[in-house]
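Protein chains: 2
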Amino acid sequence: MSLRPSGPVVDMSHSPHAKLRPVPLTAVRLEDAFWAPRLAVNREVTLPAQLKQCEETGRIDNFRRAAGKKQIDFQGIYFNDSDVYKWAEAAAFSLATHPDPVLEADLDAVIAEIAAAQEEDGYLDTYFTFERKPERFTNLRDLHEIYCAGHLIQAAVAHHRATGKTTLLEVATRLADCLDKTFGLDLRSGACGHEEAEMALVELYRETGQTRYLKLAHFFIEQRGKKPGLFGNSAYYQDHVPFIDQTEVTGHAVRQLYLTCGAADVVAETGDTAYRDALEALWRSFTQRRMYVTGGAGSRYEGEAFGADYELPNDRAYTETCAAIASVMWNWRMLNLTGETRFADIMETTLYNGMLSGLSLDGTHYFYQNPLADRGKHRRQEWFGCACCPPNVARMLASLPGYFASVSEAGVHLHLYATGTATVSLPEGGTVRLRAETDYPWNGEVVIRIEEAPEAPFTLYLRVPNWCRDAHVELNGTDIFPTMTLRGRAEIHRVWQAGDTVRLTLPMPVDRIVSHPHVLGNRGRVALRRGPLIYCLEQVDHSDADVWDIVLPDNAELTPEFVPGLLGGVTVLRGQAIAQGTEEWTRRLYRPKEILREPSTRPVSITAIPYYAWANREPGPMQVWISSL
Amino acid sequence: MSLRPSGPVVDMSHSPHAKLRPVPLTAVRLEDAFWAPRLAVNREVTLPAQLKQCEETGRIDNFRRAAGKKQIDFQGIYFNDSDVYKWAEAAAFSLATHPDPVLEADLDAVIAEIAAAQEEDGYLDTYFTFERKPERFTNLRDLHEIYCAGHLIQAAVAHHRATGKTTLLEVATRLADCLDKTFGLDLRSGACGHEEAEMALVELYRETGQTRYLKLAHFFIEQRGKKPGLFGNSAYYQDHVPFIDQTEVTGHAVRQLYLTCGAADVVAETGDTAYRDALEALWRSFTQRRMYVTGGAGSRYEGEAFGADYELPNDRAYTETCAAIASVMWNWRMLNLTGETRFADIMETTLYNGMLSGLSLDGTHYFYQNPLADRGKHRRQEWFGCACCPPNVARMLASLPGYFASVSEAGVHLHLYATGTATVSLPEGGTVRLRAETDYPWNGEVVIRIEEAPEAPFTLYLRVPNWCRDAHVELNGTDIFPTMTLRGRAEIHRVWQAGDTVRLTLPMPVDRIVSHPHVLGNRGRVALRRGPLIYCLEQVDHSDADVWDIVLPDNAELTPEFVPGLLGGVTVLRGQAIAQGTEEWTRRLYRPKEILREPSTRPVSITAIPYYAWANREPGPMQVWISSL
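Respectively, the protein sequence lines represent chains C and B. Sequential numbering of the first sequence, starting at 1, is according to this note's numbering. Sequential numbering of the second sequence, starting at 1, is according to this note's numbering.
With the rest of the complex left out, here is chain C (with noise of 0.2 Å):
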């Protein structure tokens, strides 16, 4: 099949300041056994069942009722324009790969309700409408309508790329326009309080070529955290400070990622170094302090929030699916900005694990929170009334090709193995197409075959996840030492004939992970992970035990073993552990250590499964990190 090629997933690949080009999401077509069916699924089941959901719950009717097409009354939130859009980013990036002339015509049929509503001005928020007319940018703090323009922008850039149409794009210049005749550093200083249109801005400017989206997006970063402040200067808002002065990821965790994504972006094009290093600052102070062993983002429920350092409750972590989607967005930003691939390890980690567990097996039910510890009463649901996970978790998976690789003036780079070909023209000139054959996640054997080649010599740079120790690389058949860099990869660089061979040895070891000692839940506790997979314990699993009350010895061994009909085929780590008894606390909260009994054990069998798969069956108590003593 012969695809028209798309853009960037994020087009970075004119960008001055970005070291890394991402290819197009076109450039690499997956064709192994986990994603694969996942992206399957998202196109045939998720899409056509996020439209259903939006036509019942009458997100589409209220564009309808903006153009006059209906006269009823505004169904649902405010803001739920935005998941119309995140749907039609995911149907346009599910085209880019698999066009399919049914879900273009219900895309277009979309974009055509979404065109009709515009107003004559470019403004677009069906929330606003009639007798809302007048409170428009009235309330920009609580009312989320510069975000459902940003979510605009991306689906209409996406659509672009995808497709070359520019229907839906004229409608958001159109918007963007109006938007930039209303603020601006000469005419209304404001800000929307969740970010998202910063961003979009920038994509707009990278698909149009206006720089005044760029200042716009720019201007938008920048009013936050003035005095006095746009929203009181609250932390919630990220307003407590100007952005180049914030240290520490906080507020609510998808407005703080958001607004990582929209600055990474400003800097990608400016190079502005202060914007620069206040994302050094928060990526430290999320990755080093805030951020869930699975990816997850946002320990609070209150405020959808960080926390403080090393607060990362287990049976409360919020981590909602969308900020694990935005931090894989903000980390691929930044892995293209400094080519470092540290950010493709949280990126990975995250996509694998919190993003991941935000989606039954089937494609149609989500998670909201993501705990890593649960009795069984936390269960993924069809839908929300505030519904932007599932829309988010669609157009995540629609544009996952778009994530696995990069190029640059010196080759090409791998982020993420998956079997499939990549299909990617040099900056330099000439095609590398390369085909890689793994059964990853669950074995780390990688193998790369050169199927075409420049006759220059070009690098390519196997990035080697930062849960890996004992990495190594034959080349051909024969054992090679790659240059390897402090930045976890493995750089070969050569004249490259079509039939070379690389394999890439990941070895996946099961690792006991433990946390820093100020997580007070995580004390005396391991988390499991196998490659980039993290585990958990479902009761479902064990009849003999409660896995709360199960304690994981340090010299326990665990198995893998890859079972094909369970949970869509998974590796489970299979071993012997113990259960302790509470039979000293029937009917009891605290006890005297001294007058307590040893609790009784008992040895149990026990069978972890990959954290994102939990809650698919029967529901019951789930833990991911497990007691070691």
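No lab work stands behind these hints: they were computed from the structure. The beta carbon of each residue, even a glycine, is placed where N, CA and C say it ideally should be. Just so you know, nobody snuck in bad clues.
As a list, the in silico DSSO-like pairs of lysine-lysine whose alpha-carbon atoms are at most 27 Å apart:
1. C/Lys227 with B/Lys377
2. B/Lys165 with B/Lys52
3. C/Lys215 with C/Lys181
4. C/Lys69 with C/Lys165
5. B/Lys226 with C/Lys377
6. B/Lys227 with B/Lys215
7. B/Lys181 with B/Lys227
8. B/Lys181 with B/Lys133
9. C/Lys226 with B/Lys377
10. C/Lys215 with C/Lys19
11. B/Lys227 with C/Lys377
12. C/Lys165 with C/Lys181
Here chain B is said to cover these stretches of chain C; the calculated rule only asks that three of the stretch's residues, wherever they fall, bring their Cβ under 8 Å from a Cβ of chain B:
13. 283-289
14. 313-319
15. 513-521
16. 586-595
Starting from the known structure of chain C, arrange chain B on it as the hints suggest.
Structure of chain B alone, referenced to chain C:
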């Protein structure tokens, strides 16, 4: 000094279904070194400062406005009246035990302002005056209208019992009659979103003999949990099921615990067994699965709410001071209802720990939340916009003597211990005067000398706290073996003579408390308890190590030492522990255990202080649950 005899704090002395009868507030005179100085600070510092706050924040001006004396806007939050009422209740209690012409004049003046704001029909809520008059009783769920009435009624009952004056009681009965004419079986359904008035109305019934108030209290409780729900059947408002079907403390903690107060009051008057069973189930839910070791209640910031079973995070404990007070109030009712000392155990734990931590040693700063672990950022404040806690602490302290003793037909029950005298009338006739001498809570020796006794025999019931494992009793210098009931008390039945002396010895070893294994954050940790006090480590006493890095070996000896100059005089616990180095964790959040070196350790001297006294010196980390491995 001769005092006018007051009524009890909660007057169950004629309740047909109560086993015990609380003694008048004036029956117990505290002369100890622990509580008596706190009550003095409450009188001399806290009450005047709170009155000043009520004036300066417009809380009293709101009454002047409602009375037409001032042409100003309503100031503050819609339920601000209740803070004035709680202050008035506290002042009334204080006047009962410590007459004070200045305070009495202040209180009379405040009462005059309150009375002047009352409408012809008895309605009184300063928020719903003038332009908001049409909104009366239109949003019972959110606007605390009946809640405020409840606090007025409680203040009025306390004022009447303490002073014999009817000035406030007349206001309260008119308001209660206004409620009674508005709500009821044949009138209008509804109840307040925030419970409070239920217990107040039962007390008003007790004070006035008017059964309509008891019926209205019962009616309000019965409104909850119907289909369709009063408040959408939301558990936040305890509206998920009818009260008799409630088995788990849930939703907003203060609301839940005020509801149980009201229900217990109803049971004392009616003997309703379904209510009694529900109270028992709720008490088990609370104390066996959802209560902090400090007695604190409420695990979640979101909704100021109870969490799931065993969900008891330490750093993010919400544990509102008001919820601790509500628990004391509920357990006091249950104690007198049943005569069972398990309720006094919870009351004592909560008074000495989760309640008392709400107030600074100087009596001028307050905690709203009382966490069990902190990094030094949580500090007491002088006042709050939502200032429910400060006057709640004041009324609890001012009424404290009333919680020490009860009588029954069989004799005298001592619940709490402190140096002081109790002069009580037995229901069967005769007066008992006794004096207790003790250094409680620092020392568990309590010497009780009978100073006056009737000729007929009676039983002296001495509570043996649940924290004590080896209590023994001497009578007139000879060891005796009093009848020990299953319910935690020593009973000595005899004909008593003036001069008889009972020595109750409650050994106070330092106990290491452990918690149910499903409390995720307490795994491998102990809390130190000595007598009724829970201890903590505070950074200011530990210059050598972050207190979060301290590990207390099981065999480390901890030595109590009374330090007169410290924190108003406290017994600290001193010992040797170890500090674990965190050098492996610089800029790291997660690491594989396989490559992690054992942390370096070094011996550190530790000094644990009573939890209630933390955050009175320089800010720094604090921890109750200390790692023991």
